[in-house]
Amino acid sequence: MEALAISLVNAVPLLAGVPLWTVTLLLMVVVAAVILVFALTFEGVGSLVLRKVAGDIQARIGPNRVGPNGMLQFLADGVKLVLKEDLIPASADRLLFKLAPYFAFVGSFAAFVVVPFGVGLIAADLNIGIYYVMAVTSLVVIGVLLAGWSSNNKWALLGGMRAAAQIVSYEIPVGMALIPAVLIAGSLSLQDIVRSQGGLLGIFGWNLFHNPFTFFSFFLYFTAAQAETNQTPFDLPEAESELVSGYNVEYSGIRFGLFFLSEFGDMFIVAALATACFLGGWNVPYFNAGALPWIWGNLLSLGVFLTKAFTMVLIMMWVRWTLPRLRVDQLMRMAWKYLVPLTFVNLLGVSLWLLVFQGKGIPGMIASLFG
Amino acid sequence: MGLKAYMNDIVEAVVTTAKGMRITARYGVNPKEEVTLQYPEERWEIPEGYRGFLHNDVKKCTSCTMCVKVCPIDCISLEAVRGADKKMVLASYDINIGRCMYCGLCVEVCPPKSLKHTAGYEMASVARGELILHFIQEDAAEIKARVALQVAEVAAKEAEAKKAAEAQAVTKAAEVPSSETESADLSSEAVRAAKEEAGKAGGGEPKATKEEEKKPE
Amino acid sequence: MPRHKAKGNRLEAQAIFDTLKGKFGDAVVELQGEGYSPAFVVVAAAAVKEVSRFLKEDPNLSFDVLMCLSGVDYKEKFAVAYHLHSLKHRHAIGLKAMLPRENPSLPTVDDVWPAANFNEREAFDLFGIVFEGSKDLRRILLPPDWEGHPLRKDYKYPDFYHGIKV
Amino acid sequence: MTTRSNALPTQEMTINMGPQHPSTHGVLRVILTTDGEVVTRAVPDVGYLHRGLEKIGERVTYAQFMPFTDRLDYLAAMNCNCAWAWAVEKLAKIEVPERAEFLRVIVSELNRISSHLIAFGSYTADMGAFTPFLYAIREREQVNDLFEMLCGNRLTYNYARVGGVSGDAPPGFLEKTKEFLDYFEPKLDEYNNLISYNKIFVHRLANVAVIPAEEAVAYGLTGPNLRGSGVFFDLRKDEPYSVYPKFDFKVCVGTGERGTLGDCFDRYMVRINEMRESIKIVRQAVAQIPDGPVLAKVPRVFKPPVGETYFRSECPRGETGIYLISDGSVNPYRLKIRTGSFVSMNIFEKITRGLMIADIVAVIGSFDIILPEIDR
Chain A
1 MEALAISLVN AVPLLAGVPL WTVTLLLMVV VAAVILVFAL TFEGVGSLVL
51 RKVAGDIQAR IGPNRVGPNG MLQFLADGVK LVLKEDLIPA SADRLLFKLA
101 PYFAFVGSFA AFVVVPFGVG LIAADLNIGI YYVMAVTSLV VIGVLLAGWS
151 SNNKWALLGG MRAAAQIVSY EIPVGMALIP AVLIAGSLSL QDIVRSQGGL
201 LGIFGWNLFH NPFTFFSFFL YFTAAQAETN QTPFDLPEAE SELVSGYNVE
251 YSGIRFGLFF LSEFGDMFIV AALATACFLG GWNVPYFNAG ALPWIWGNLL
301 SLGVFLTKAF TMVLIMMWVR WTLPRLRVDQ LMRMAWKYLV PLTFVNLLGV
351 SLWLLVFQGK GIPGMIASLF G
Chain B
1 MGLKAYMNDI VEAVVTTAKG MRITARYGVN PKEEVTLQYP EERWEIPEGY
51 RGFLHNDVKK CTSCTMCVKV CPIDCISLEA VRGADKKMVL ASYDINIGRC
101 MYCGLCVEVC PPKSLKHTAG YEMASVARGE LILHFIQEDA AEIKARVALQ
151 VAEVAAKEAE AKKAAEAQAV TKAAEVPSSE TESADLSSEA VRAAKEEAGK
201 AGGGEPKATK EEEKKPE
Chain C
1 MPRHKAKGNR LEAQAIFDTL KGKFGDAVVE LQGEGYSPAF VVVAAAAVKE
51 VSRFLKEDPN LSFDVLMCLS GVDYKEKFAV AYHLHSLKHR HAIGLKAMLP
101 RENPSLPTVD DVWPAANFNE REAFDLFGIV FEGSKDLRRI LLPPDWEGHP
151 LRKDYKYPDF YHGIKV
Chain D
1 MTTRSNALPT QEMTINMGPQ HPSTHGVLRV ILTTDGEVVT RAVPDVGYLH
51 RGLEKIGERV TYAQFMPFTD RLDYLAAMNC NCAWAWAVEK LAKIEVPERA
101 EFLRVIVSEL NRISSHLIAF GSYTADMGAF TPFLYAIRER EQVNDLFEML
151 CGNRLTYNYA RVGGVSGDAP PGFLEKTKEF LDYFEPKLDE YNNLISYNKI
201 FVHRLANVAV IPAEEAVAYG LTGPNLRGSG VFFDLRKDEP YSVYPKFDFK
251 VCVGTGERGT LGDCFDRYMV RINEMRESIK IVRQAVAQIP DGPVLAKVPR
301 VFKPPVGETY FRSECPRGET GIYLISDGSV NPYRLKIRTG SFVSMNIFEK
351 ITRGLMIADI VAVIGSFDII LPEIDR
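Residue numbers (our numbering), protein chains in the order written: chain A, 1 to 371; chain B, 1 to 217; chain C, 1 to 166; chain D, 1 to 376.
Don't take each hint at face value.
[What the hints assert, rightly or not] Rough simulated footprint, nothing fancy, chain D against chain B, three-plus residues with beta-carbon under 8 Å:
{"#": "1", "segment": "49 to 57"}
{"#": "2", "segment": "82 to 90"}
{"#": "3", "segment": "139 to 149"}
[Claimed, not checked] Here chain D is said to cover these stretches of chain A; the calculated rule only asks that three of the stretch's residues, wherever they fall, bring their Cβ under 8 Å from a Cβ of chain D:
{"#": "4", "segment": "313 to 324"}
{"#": "5", "segment": "327 to 338"}
FYI, nobody ran anything at the bench for these hints, they're computed from the structure.
Think of the CB as a built atom: it goes at the ideal place given N, C-alpha and C, for glycine as much as any other residue.
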C-alpha cells in the first residue's frame, strides 16, 4: 500500500505537502470502500442468482417481477430488510443480540482483504494470506453462537450449538486441504500461490493438475468449505425443516440481512480461495497478463478470476438444490472419520511427492521431457 | 467398519450425488421445462364442468326450496310469496358464497336447472357482506307489498264478479232457486282496507307493512 | 411373520360365538347376527378383558388386530364396540359391551391390543366412558378443561368457552 | 440422563414442536423432552383440528355428508368419498352399476398416486432437498387437472354419490389419463436416481424408528406403515371390495434393502412402489371400462334399513374404516371413522425414544400423517 501511496504522491504535485501516512490511510479507505461495494453487490446479485438457478432447476421461473426479468429483486430485498422493523425478543440478551450479526458479517467480509482479484489488484498482499483467512472466518462461529444463545429461543440455541460444532470441526479439513497449494508455492501469500501457477503451462500449470493428491485435495477442500459456510448438505445451523430456522429465527430486518449477506460473503470467499489455490487464480492461460499495460493487465486478470470464482459459486448453488441435509451426528462423523483422515493422508502424499520430484508436478515433468 | 466399507461409503456417496446432480443439471440447462404460469397475465383454461360460483337464473327458478334443503351448510336463503296467479313469486334469493363449499349438491337437485355453476373463481373481497350474492335486486319487502296488492285486487275483482253473479243468480233465483254456495270470506272491506292503507302511506312508494299472506279461497 | 399365507381357516360368526359361549358361559350374552355386517358378540362389561385376551391368544381365533374401538350412545344405555380382525385366518368379528347410562366404565384392553390406547382416550373424551386401568386416560381431541362429552345424544352446546362464542 | 458420575449436571429441555412447525404436516404438536439433541420423550398432542365430523354426521343426511368426507383426508378426497359411498351401499345393499365402480377405482388410484406424490415430496423437503418436492407437485398438478375435468374441482371433489358417481367421464378424460400415466411412469425412476438412493437420504432414513412386524400389527398400523414392516396385508387384495378383484397388481412390502426391515426407508419405498402398482391398476381399469349408467336408482329421501356395518377401504394413509349405525331415519345414527394416521400417532411415542430431533421429523414424514384425518 505504501508503494502505491508514494507513486501517487509523486504523480500528483498537489499532495506533496501532505504527510505520507495520511495518504496511505486515505488510500486504504478508498480501497476498502471499493471492496465493500463489490462484496455487497456480489451478495445481492448472488441471492438473486441463487433464486434464479433454483427456479431453473425446479422447473419454475424464479423472481421476474421486480425490474426487467427480476434483475432488481435483490435491491427490493435489501430495501425491504432495511425498512422492516427489527424486533428484539423481550427476554433476549440485548447487547449480544445486537452484536451477533456484526461478528458474522465482519468475519466474512474481512477475508476479502486477501482475495487476489488481479495482477496488482489485491487489497493487502499479506504474506500470511491463507493463515489470515483461516483466522478471520472463524469469527463467523462466534457470531452464530452469540445469535443462537442471545435470542433466548430453544430452536436458536440448538442452531447455535450445531453451528459451533460444525464450523469448528470443519476448520481442520479446510486448513489441511489448502496446505498443498502452500507447499507448492512455498509461501502463504495468495499472490505468490497464484503466480506459482502461472507460466507457459497454461491450464496445466494449475495446482489442480499438479499431482493426483492436489487434484483430490481440491474436492476435499470444496466439500469441507461447503460445510464451513453452512451450505445445503451441511446447512444444519439454519435447518428450516427441523429447527424452524436455526440461529436466525428471532432476527428480522437488517440484522437478518447482515446474516444473509455474510452467508453469501462466505460463499464467495470459498469460491475465491478455491480458484486462487487450485484453479490458477487470475492467470490467463498461455498469456502473461503482467506484460500488458497496467490498466489492461488488471482488467483481463480480474475478468478471468471472477469467471472462475462465479463458476465455483454456481456449482455450490447447483449442489445446494440437489442434496438433502445431514443429521448432526452424521455431520460430525463425516468430519472426523472421513474428511480429517483423508486430508492428512493427502497432505502426506503431496509432501512426499514434492520431496521425490523436487516440486515439479506431472505437467511440469512432461513439459521438461519435451524441453 | 472395515476399510472396504469405508471406501465403499465414499464411492457410493460420490456416485449417488453425481447421479442426482445429473438430473438437476438436465432440468437446469433446458429452459423449456418451466411449468409455472404467470397468473394474472396467463390463466389456465377452465374445463366446462368447473364448479365455480353459483348463479341462479331467477326467471326459471320456481322457488321450490329444494336447494335450500339439500345444502349441507345452509348458505342459500330464499323468500317467496304466492302470487295472484297461484305461482310463487321470488321475493329474495341470496347465496352466501363466503360459506359455500362448491360441493354442487344444489345444482344437481335443482328441478328447473336454473341454478348453475359459473366458471368464476375470483371474488376476493374485503367485506364479508360482499360475499353474499343477491339474485333479486329489488328489496324483498317491496315485492311482498306489490304482490299483496295484486292478490288483493284479484281477490276484489273475483269478489265483484261473484257479487254480480249473485245478483244475476238472485234474479235467476227469483225464477229458479240456485244452490250456489259462496264462502265470501273475502268481503269488500278487505279490498277497501288495502286501498286505505295505500292512501294513508301517502307520497312516495306505497310502503305497505308486511301484510299477512292472503289465502285465496 | 412376514408372509401371511392364508393358511388359517376362516370361521363364521356363529362358530366364534359358540366357542366363546362354551368358554365363558353367561358372560357372553348374545350374538347380534342379522342386520349387523360383521356380527357382534355382546359381552358383559366386566368380562371384556378376559374375552379379548382369549380372542387374541386362542390359536384358531387369533384376533391380533383391533381395527376400531368406538363408543355408541343408544339413548338408554352406552356401548363400546370393538371390531377385531385376524391376519392369520382372515376373519373378523365385533365385540360389544353394554354399559349403564350414568358413569359408564369397563376394564381397559390396551394391554391386550396396544392399539386401543388412543381409541379409548377418544371414547373417554367424546362419550365419558371410563376405562379402568388404562395407561393414561385423558382427553385427546378436546381441550383438557372442556366440560361435557360432545358425542352424547343429550349434549347441550356451551355458549362460551373461555369467552369464545361456541 | 447423564451416566457418568462426575459429569456436568445437565438439565433436560422441553421443546414444543408446536402446532406451527414447518414439518409436522399440519397442526400436530409434539412435546419433546430432549437432552441436548437426543429426544428422551416425544408426546404427540392432537386435537387442534377437531371439527366434530362425527357429530356433524349425525345431523346431515347420507347424501349431504359426502362433501364432509372430502375434508377428512384432503390429499386423498376421492378415496374417502368412495369409502363413504361403499359403506352406505353396504349398509343399504344398493347395487352399483359396473361403469361407476370402474370410475371409482380409476379416481381412487389416481388420487393414491397424487397423495403418495405429496408424501414423497414433503418427505424429501423435510430432509432438506427442496427440488424433488417441486417435481412431485408438478406431477400432482396434472392429476388435479384430470380431476378438475372430471368433476369440476381440484381438491374437494365430492365426486362419488350413494349408488354410483355424480357424473360420467367427459370425452377425452380416459385418453388424457393414459397420456398422464405414460408421462409419469419414467418419472418414478428419475426420483429414485435423484433422491431415493442418495447416500445422505439413505443415511437419514435407514435404521431409524424400526417397527418390527408384531409391534406394527399390535399397534393396529395399516396401509404403507404396516406393509413397511413386511406384513403382506392390503385390503384391496385380502378383503377385495368393488371391482378390485378384476385387476392384477402386486402388494408392495418393505424389504429392508437399505437397513433393517421396518425402518423409515422401507415405509418410504413402499409408497414409491405403490405408485407403480397404482399406474398398473389404472391402466387396466381404463382398458376394461364398460359402458352403461353411472348412478343407480336411489330414492331422493334415502332411508337405509336399520342395522350396523363396518366397511374398510384402503386409503393411501392406511385403512379408513367407517362404522355406520342407522336407525332407519334419514340421518345416520352413529358414525365412527377410523383412520390410518390416527393409529400411527398411537405408536409415535414408543418408537421415538432416544432418537434425535432431526429423526422426529423423519418419523413424522415416514408415517405420512395428515391432521384432519387424525382429529376428524
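Hints that the structure is at odds with (numbers, increasing): 2, 3
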